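Chemist: Okay, here's what each chain looks like letter by letter:
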Amino acid sequence: MDEFQEILQDFLVESFELIEQLDQDLVELESRPDDLDLLNRIFRVAHTIKGASSFLNFDVLTHLTHHMENLLNMARHGDLVIDADVMDVILESIDLMKALLGRIRDCGEDSGLEVEPCVLRLDAVANGTAIPSSAPAVAPAPEPVPEPVVQNVSEEEADYSGMSEEEVEAEIERLIAVRQAEDAAKRANKAPSASSEEEPDYSGMSEEEVEAEIERLIAIRQAEDAAKRSNKAATNESEEKKPEPVASAPVPVSAPVVVAKPEPIAPKAAPAPRKVESKDEGEGRGGASAVEQTIRVDVKRLDHLMNLIGELVLGKNRLIKINDDVEERYEGEAFLEELNQVVSIVSLVTTDLQIAVMKTRMLPIGKVFNKFPRMIRDLSRELNKKIELEITGEETELDKSIVEEIGDPLVHIIRNSCDHGIETPEIRLAAGKEEMGTIQLKAYHEGNHIVIQIIDDGKGLDAEMLKLKSIEKGIITEKEADTMSEKEAFGLIFRPGFSTAAQVTSVSGRGVGMDVVKTNIEKLNGMIDIDSEVGRGTSMKLKIPLTLAIIQALLVGVQEEYYAIPLASVLETVRISKDEIYTVENRSVMRLRDEVLSLVHIGDIFEVERVFDNSEHAYVVVLGLAESKIGLIVDSLVGQEEIVIKSLGEYLKGIDGIAGATIRGDGGVTLIVDVAALMQMAKSVKSTVGQESAESKNRSGAKNSASDYCVMIVDDSKTDRTIMRKSIEPMGITIVEATDGVEALNILKQGDHNFDGMLIDIEMPRMDGYTLAAEIKKYNKYKNLALIAVTSRTGKADRMRGVESGMVEYITKPYSPEYLMSVVKRNIKFNEGL
Amino acid sequence: MSEKLQQIINKQHKTLSGDDVKIDEVIQLVGFIVGDEEFSVPILSIQEIIKPISWTRVPQTPNYILGVFNLRGAVIPLIDLRSRFGLETIKHTEETRFIVMKNGDDVAGFVIDRLTEAIRLPKKDVGPAPDTINEEDSMIDGVGKQSDRIITILKVDKLLERNF
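Each protein sequence line maps, in turn, to chains A and B. When the letters of the first sequence are read in order and numbered with my numbering, they come out as residues 1 to 834. When the letters of the second sequence are read in order and numbered with my numbering, they come out as residues 1001 to 1164.
Among these hints, one or two may not hold up.
What the hints assert, rightly or not - Per the computed footprint, the stretches of chain B lying under chain A, defined by three or more beta-carbons under 8 angstroms from a beta-carbon of chain A, are: (1) 1058-1068; (2) 1101-1110; (3) 1150-1158.
Said to hold, decoys possible - In silico lysine-lysine, PhoX-like type, Cα no more than 25 angstroms apart, as pairs: (4) A:K781 - A:K578; (5) B:K1091 - A:K321; (6) B:K1091 - A:K781; (7) A:K749 - B:K1051; (8) A:K386 - A:K442; (9) B:K1102 - A:K653; (10) A:K653 - A:K300; (11) B:K1091 - A:K778; (12) A:K653 - B:K1124; (13) A:K442 - A:K367; (14) A:K683 - A:K749; (15) A:K578 - A:K718; (16) A:K813 - A:K825; (17) A:K718 - A:K783; (18) B:K1091 - A:K749; (19) B:K1124 - B:K1158; (20) A:K629 - A:K718; (21) B:K1155 - A:K653; (22) A:K400 - A:K541; (23) A:K400 - A:K367; (24) A:K781 - A:K829; (25) A:K300 - A:K523; (26) B:K1051 - B:K1158; (27) A:K778 - A:K829.
Simulated from the structure, these hints should not be mistaken for laboratory data. Bear in mind the structure is a predicted one, so any value in this text is a computation, not a measurement. The beta carbon of each residue, even a glycine, is placed where N, CA and C say it ideally should be.
Turn these sequences into a full structure, and let the hints steer you where they fit.
Modeler: Put into structure tokens, the structure is as follows:
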């Protein structure tokens, strides 16, 4: 049974592949009815499926494909002209065939679908227009052979258990008779090709001969199957009654016939269709050997491989980061060179490996495009329009998961183009256009993206009309409409509930389609760009990243946090000054060239606490997704990095604005921004751009006693700290000591004390005084903290650096205790009166 | 003779199964302090216990969720048990630990003030949660009594359940 399942799987995979090609060929055939190559190819598909299905005893499918084959064969011989009506019947039968195959895949049998009407139509077309003499010659001849046998099988099988011994014997006798008759027929069949009896020279045969041969082999196989089954039944029965004698005697008689035959036949049967096929493949692709070089792999394995590569990429990022650190610390050491080399080789190989694995997951987009010629044909007949589809770049490859997702959106877009875009022939002619409308479907690579373009030469989108419709349907307000650019108006077609069709047809107008397009493209992190001109046509550009698991991201910083934005959604980054941000109706906007871009601060979306000072400048990351655009204000741009998307797990899934997390080179976790959700959130977020946080103003509470004043002494030398402490202790203020910059910063951040001033030594291990001062001044809330340098460095340059980093005073060692105290008092505004 | 043998075997069997029963009756817990109270969870629900490492804040979450951290390549949520229990948060000390607990596929790290010890508690010393606590929503599985102290046993599945 397992073996059967395996064969069945192969059969299904092969059949579906064949059918995919079939649709396209058929539509092409309609425009070139006399293309024999095309016709042959189609014929062979029907034939292959028929052959295989009869092997597997799918009677209904065999029955249907047989009649299709019959009809196509006539066309092939020029006995039948394929016109649109014939085509309709053929296409109908192919749909039926697909449905049957679908049933076989789902429930393992081909029953439950009514094929008879279709078969009758096929026959009617065949007989109605055919020259009678040729039809029976090719078709009915082989038919009787398989049909009755199949029927016999079912009859016999039911009966065996109930048969008496005599009956069994009679049956066996009958079967032998049948077998002999067949053998005779076979011999007769073989006669014409007598020369090739031993080692049949199939290549020398005409196609008809090959077919006849195949037909014959199938018939034999079926007869054998039947015989085998009957034998088995007979054996079982006899064994039940008595171990060895009478009944089993006839069995060996037929058994050798049965067992011996398949051996030579089976291998023959296999190569016969293969050869035909591969010859055709060879012609089609220019190399027969290519067929042998492929291997089917379970997608799960590829997914697993991709996950492993993801881990490797993370490891690589980490290694690079460590390498950088080591480089900094051990500058000039000999082993660095070696380490460098290893790291770069590892990173190079990892990148190559990643690309290689990605490529194994790639499929040509033609897999999706193939179904469109057929769709266009059906639509144009249904809508009474003349539409031609031009496909280019179907060999462009992209990730399997994306190929699966992209089909639906494309169907909707193309349907839309046919229904709303292309006009009826009369209108087209009146408008001075060609009667035949054209839809171009293009695919090509652009950097790390694949671009799919759908261009029609129809009536185009009318921005004003779109706006009016939207206001009418309550999708937008009149005010919104006024400020809308043309591009934004085009984007309205993606709003749920929007439909420009005056009446609902079976094709479109229900107002769901384009909405689906947008969601699906957004899911893929893709962008949609619409261009349209009234009367000239519409061009829709879908830009989709090549792969989903490992992506390029732009890392941005906001305050002390970092976020990763998928680079696929980043259009550009600009540095602006705060003056360039305008507020319109409580929303921040800026001018970007000739566009008005609405802005949102990433800190407002992700509730980031504002601790740093707002600088004069800001970076704006312009995000584009599907057809919308937004400017995201961030504090800093960190750079571009390859990241692996990890989920946040069950506990934290579904958080607005976060698509997942990734692990950075330093081992930390960085969240990945979900651009689609972010754009949604931006609509409801209150803008605080340019507003200062009010918090810092209330920080320095009232001072009631001397000990409310607090000063930190930062020096690595114990002696120096003691001298300073002794100098200012008499004031009675609280004093905290730190031994270096890092410690000082930590004490400050902990917030246990509200410091009024700091005495900072310049030269310290880990973090020096200048760096410390600069770090402190980054924070908004320490704006009023007095930083006083206490150092033995006396150079002017040192003083300058001190001022630059935010120090207010510069005291050189040695100093008198009184002087230090007075400086401190002055700077922390110490109230003597207390 | 054979009867005697049978008896001996039976006897051995009894003592063996008797031991089994005894082992079954003891539950192993890991005790820890949050605030002023000692809590515990079954030792088998603990994946590991680590010293505090840096984590990343996740926006749009309740404040007891500190964020996520990287545990050897896995991104794991970090929950502060102090604020989860409605206590005031404190700074992490030398004794602060992250306990990584798992229940099936759900994994999360929990911040606790300090560890106490691994506890072996006979089942008979475990009482039900006080009646005053609502059965359904309670995070308390039961209360263990040991010579001079009371240990609250927490429901790991409740701890790992998202409730926002």
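Chemist: Does the alpha-carbon distance linking K813 of chain A and K825 of chain A stay inside the 25 angstroms limit?
Modeler: Holds, at about 18 angstroms.
Chemist: For the pair supplied as a hint, K778 of chain A and K829 of chain A, is the alpha-carbon distance within the 25 angstroms limit?
Modeler: 22 angstroms, holds
Chemist: Has the given pair, K1124 of chain B with K1158 of chain B, been kept, meaning a C-alpha gap of at most 25 angstroms?
Modeler: Distance of about 23 angstroms is within 25 angstroms: holds.
Chemist: Starting from K386 of chain A, check that the Cα of K442 of chain A is at most 25 angstroms away, please.
Modeler: 20 angstroms, holds
Chemist: K442 of chain A and K367 of chain A were given as a pair; does the straight-line alpha-carbon distance stay at or below 25 angstroms?
Modeler: Holds, at about 14 angstroms.
Chemist: Taking beta carbons only, do three or more residues of the segment 1058-1068 of chain B come closer than 8 angstroms to chain A?
Modeler: holds (count 7)
Chemist: Against the 25 angstroms threshold, does the CA-CA distance of K400 of chain A and K541 of chain A hold or violate the hint?
Modeler: Since the Cα atoms of K400 of chain A and K541 of chain A sit roughly 20 angstroms apart, the hinted pair holds (cutoff 25 angstroms).
Chemist: For the pair supplied as a hint, K653 of chain A and K1124 of chain B, confirm whether the alpha-carbon distance does not exceed 25 angstroms.
Modeler: 40 angstroms, violated
Chemist: Would you check the hint for K718 of chain A and K783 of chain A, treating anything up to 25 angstroms between C-alpha atoms as holding?
Modeler: Answer violated: K718 of chain A to K783 of chain A is near 28 angstroms, above 25 angstroms.
Chemist: CA of K781 of chain A to CA of K829 of chain A, is that 25 angstroms or under?
Modeler: Answer holds: K781 of chain A to K829 of chain A is near 18 angstroms, not above 25 angstroms.
Chemist: Given the proposed pairing of K683 of chain A with K749 of chain A, does the C-alpha separation stay at or below 25 angstroms?
Modeler: Distance ~34 angstroms between K683 of chain A and K749 of chain A Cα, so the pair is violated.
Chemist: Would the pair K1091 of chain B and K321 of chain A pass a check requiring their Cα atoms to be no farther apart than 25 angstroms?
Modeler: 30 angstroms, violated
Hint compliance for this structure: hints 3, 5, 12, 14, 15, 17 and 20 are broken, all remaining hints hold.
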